[in-house]
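Could you build the full structure based on these sequences and the hints that come with them?
Chains G and C, in that order, are what the protein sequence lines are.
Counting in this note's numbering, the first sequence runs from 25 upward without gaps.
Counting in this note's numbering, the second sequence runs from 25 upward without gaps.
Think of the hints as simulated: they come from the structure by calculation, not from any bench.
Hints may contain errors.
A short, non-exhaustive set of chain C residues, derived as facing chain G with CB atoms under 8 Å [to be verified]:
#1 Asn52
#2 Thr78
#3 Glu86
#4 Gly126
#5 Lys129
#6 Asp172
#7 Arg174
#8 Gly277
#9 Val278
#10 Leu306
#11 Gly307
#12 His327
Here are some chain G residues the structure puts well away from chain C; computed CB gaps all over 12 Å [unchecked claim]:
#13 Glu27
#14 Arg65
#15 Ile194
#16 Arg204
#17 Glu260
#18 Lys366
#19 Thr429
#20 Ala430
All values reported here derive from a predicted model rather than from experimental measurement.
Beta carbons: idealized from backbone N, C-alpha and C, even for Gly.
2 protein chains.
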Amino acid sequence: MTETILSVDTLDVRFPTSRHRDGSDAMNPFPDYSAAYVVLRTTEGAEGHGLIFTVGRGTEIEVAAVRSLAEMVVGQPVAELVADPGALARRLIGDSQIRWLGPEKGVVHMAAGGLVNAVWDLAARRAGKPLWKLLADLTPEQIVAQIDFRYLRDALTEVEALELLRAASINRDAREQLLRREGYPAYTTTPGWLGYDDEKLARLCKEAVEDGYELIKLKVGGSLADDVRRMAIAREAVGPKTRIAVDANQIWGVPDAIGWMRELREFDPYWIEEPTSPDDVLGHAAVRKALAPIKVATGEHVHNAVMFKQLLQAGAVDVVQIDACRVGGVNENLAILLLAAKFGVPVCPHAGGVGLCELVQHLAMFDFVAVSGTTENRAIEYVDHLHEHFVHPVRVSGGRYLAPTAPGMSAQIVAESLTAYSFPEGPEWAAE
Amino acid sequence: MTETILSVDTLDVRFPTSRHRDGSDAMNPFPDYSAAYVVLRTTEGAEGHGLIFTVGRGTEIEVAAVRSLAEMVVGQPVAELVADPGALARRLIGDSQIRWLGPEKGVVHMAAGGLVNAVWDLAARRAGKPLWKLLADLTPEQIVAQIDFRYLRDALTEVEALELLRAASINRDAREQLLRREGYPAYTTTPGWLGYDDEKLARLCKEAVEDGYELIKLKVGGSLADDVRRMAIAREAVGPKTRIAVDANQIWGVPDAIGWMRELREFDPYWIEEPTSPDDVLGHAAVRKALAPIKVATGEHVHNAVMFKQLLQAGAVDVVQIDACRVGGVNENLAILLLAAKFGVPVCPHAGGVGLCELVQHLAMFDFVAVSGTTENRAIEYVDHLHEHFVHPVRVSGGRYLAPTAPGMSAQIVAESLTAYSFPEGPEWAAE
Numbered sequence: 025m026t027e028t029i030l031s032v033d034t035l036d037v038r039f040p041t042s043r044h045r046d047g048s049d050a051m052n053p054f055p056d057y058s059a060a061y062v063v064l065r066t067t068e069g070a071e072g073h074g075l076i077f078t079v080g081r082g083t084e085i086e087v088a089a090v091r092s093l094a095e096m097v098v099g100q101p102v103a104e105l106v107a108d109p110g111a112l113a114r115r116l117i118g119d120s121q122i123r124w125l126g127p128e129k130g131v132v133h134m135a136a137g138g139l140v141n142a143v144w145d146l147a148a149r150r151a152g153k154p155l156w157k158l159l160a161d162l163t164p165e166q167i168v169a170q171i172d173f174r175y176l177r178d179a180l181t182e183v184e185a186l187e188l189l190r191a192a193s194i195n196r197d198a199r200e201q202l203l204r205r206e207g208y209p210a211y212t213t214t215p216g217w218l219g220y221d222d223e224k225l226a227r228l229c230k231e232a233v234e235d236g237y238e239l240i241k242l243k244v245g246g247s248l249a250d251d252v253r254r255m256a257i258a259r260e261a262v263g264p265k266t267r268i269a270v271d272a273n274q275i276w277g278v279p280d281a282i283g284w285m286r287e288l289r290e291f292d293p294y295w296i297e298e299p300t301s302p303d304d305v306l307g308h309a310a311v312r313k314a315l316a317p318i319k320v321a322t323g324e325h326v327h328n329a330v331m332f333k334q335l336l337q338a339g340a341v342d343v344v345q346i347d348a349c350r351v352g353g354v355n356e357n358l359a360i361l362l363l364a365a366k367f368g369v370p371v372c373p374h375a376g377g378v379g380l381c382e383l384v385q386h387l388a389m390f391d392f393v394a395v396s397g398t399t400e401n402r403a404i405e406y407v408d409h410l411h412e413h414f415v416h417p418v419r420v421s422g423g424r425y426l427a428p429t430a431p432g433m434s435a436q437i438v439a440e441s442l443t444a445y446s447f448p449e450g451p452e453w454a455a456e
Numbered sequence: 025m026t027e028t029i030l031s032v033d034t035l036d037v038r039f040p041t042s043r044h045r046d047g048s049d050a051m052n053p054f055p056d057y058s059a060a061y062v063v064l065r066t067t068e069g070a071e072g073h074g075l076i077f078t079v080g081r082g083t084e085i086e087v088a089a090v091r092s093l094a095e096m097v098v099g100q101p102v103a104e105l106v107a108d109p110g111a112l113a114r115r116l117i118g119d120s121q122i123r124w125l126g127p128e129k130g131v132v133h134m135a136a137g138g139l140v141n142a143v144w145d146l147a148a149r150r151a152g153k154p155l156w157k158l159l160a161d162l163t164p165e166q167i168v169a170q171i172d173f174r175y176l177r178d179a180l181t182e183v184e185a186l187e188l189l190r191a192a193s194i195n196r197d198a199r200e201q202l203l204r205r206e207g208y209p210a211y212t213t214t215p216g217w218l219g220y221d222d223e224k225l226a227r228l229c230k231e232a233v234e235d236g237y238e239l240i241k242l243k244v245g246g247s248l249a250d251d252v253r254r255m256a257i258a259r260e261a262v263g264p265k266t267r268i269a270v271d272a273n274q275i276w277g278v279p280d281a282i283g284w285m286r287e288l289r290e291f292d293p294y295w296i297e298e299p300t301s302p303d304d305v306l307g308h309a310a311v312r313k314a315l316a317p318i319k320v321a322t323g324e325h326v327h328n329a330v331m332f333k334q335l336l337q338a339g340a341v342d343v344v345q346i347d348a349c350r351v352g353g354v355n356e357n358l359a360i361l362l363l364a365a366k367f368g369v370p371v372c373p374h375a376g377g378v379g380l381c382e383l384v385q386h387l388a389m390f391d392f393v394a395v396s397g398t399t400e401n402r403a404i405e406y407v408d409h410l411h412e413h414f415v416h417p418v419r420v421s422g423g424r425y426l427a428p429t430a431p432g433m434s435a436q437i438v439a440e441s442l443t444a445y446s447f448p449e450g451p452e453w454a455a456e
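Here it is in structure tokens:
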């Protein structure tokens, strides 16, 4: 009997993070970090896990979308799926009826990405490798074959992608050894949530420096007076050398972003993240031009590779912040990594939330080994929340992510947590 | 007792249009025109109807999204809702948790738009006016207050919007009389579906000219040889004067779009619609530059006002194709109409599907009376399908939409059709 996908289980899992205002920012004052969680089970008992990060209400919509798309996965032969997840990605993203609800954006696109990521998890488990290593062992031709170039060729052709990947083949083994030995740089957002008081901010800033971080991030955009005071506290706490990025989470229009950030200039912010709507490519370009040398970063809400392509074409960003759960899965993130490499723009992945660190580390590490070949001016976001719920949580030490060694994409949540935090029937919620 | 919203009913309604390949194009070979249909009921028995157009599979996801957002509508006082639908729009679109699933795009944004449109329908019914007239009777200040300018001010400020609207107040009454007398220009896509054979194409093209249409539209992008043959047939059938627009429904990348359209130049296409991804603002600008004087049109998949803003800022479009169901409802379309007017670009609304003609005619007619003040180079798309299911179907005669006179937004589907086509339990589907 051919091994096929027997079932796709989809769960609504929510963590009540809003109770302590962990994760609070200008646009998300009270997030409950949550996930539409996906488990593929094969007829031979193998599993692939995936998740789509959300922030609470509406997770049920994402769950509904995954369940609808799952019909295209159940019954599929496993060997073909894991040999070519890109074929599944094209079917899920290209479905001629469901496509109307995107296209390639929002709820349905994230659902496709969650299923595609679960297939990659299954593929890496079967190969006995962590995902970053599975990807790094693919040939340039195999990687290029996993990408849909339809809308990208005016910026990156298949031939150019192959050339980039072949050039990066040099010293690939040495970089892999370095990665296994020293890990990948992290930066921390733990100190900077908008809901934390000044004392907690100062204490966490100091701890971040002691822990080895060279870059920390603060949320801004609530009140200018507060931001000036908090930036002064943070700069005082970390000293002149540690970089401080700030993140407005889309609170501003273009003129507001420029005006507000000029008031924070004296504290030497390293980048301004999400200064305005993530859709506003031209707006980001205008902000970047007005605020240089302050860098502009965005990506956690940038919904597909076409948008990243334009951010790069327009010279709108200094930092590309890929997210493991926003776009159509690993395949689309491969395209985005290659686009960033083509334009010479560093990738500093968005993480935090629940599971985002676990998933995205694989993509950044693959990028180091096989695409950009460098960690210079690059770091993966790190927030020390909710890792205890994962079977293979990230390991961060001395301000660096250690390379995962367990097979898969590190997406699996422990069974007890799935039960406890399932919404609305789990014990953590039923008592509310 | 204050009148409040008692309930929000949401239905999955699908019409099996794929059986005859009505609506077939390069990206949608077999669409089943469908809707997530919304009915607001008040404690005093009043109703507001809305719908979100879809093309079949996945409608259940849209229904799930409307049901989730409906919690923010049930129990609300009706007088406040209808006096200021913009306040509801901001709450629905800005919800700090659900926002993560967009933001302002895809399934959740369309759901918000469906609910907002249903409130406008309720408002217009209460006022005893068709929606276009309700909007045309608002003062410039009232219209501006209905728009969220957060991300628009680098292109259009409140002050500029007021100036535009005040300038358009001159001769408003005369234009309203003209509209009531002569209607608003239509163009027809009926002849041009990709699934129709050559004989049917030629026959429908001739009928369109006889019916008074000055612009028809053909689907392209399946095969170049077919497109050349079909364009020749259509041009022969309609003669040199009738405009022929073509629509690729996003099938191409930027270089493909330019190359393919050069092969169709000899047939004098009026515009190329959706030449590539609707997200690709810079791509549309490149296509437009390469193909002038062929015009570039897009909009039915342009997911919010920020994207339209950029299409206009980048000089990427000659024709703005608003859609009644893609963005966050009437309020966001008011913003888009004002942006188009500011940049002097004509609006030719996307319609067809099911209910799109019924809804969007109100916006185009309002634009004529109170914003752009002209119908020059403007026409509302018309397709003669599925109107029989509406309580107040569009009336098209001599190539023109006649102004609706019934109170509301014309969104109401007749009860028998809702029953017959409800999915999957309705008799039209249960037999499948």
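- prompt: In ascending order, which of the hints set out earlier in this document are inconsistent with the structure?
  reply: 6
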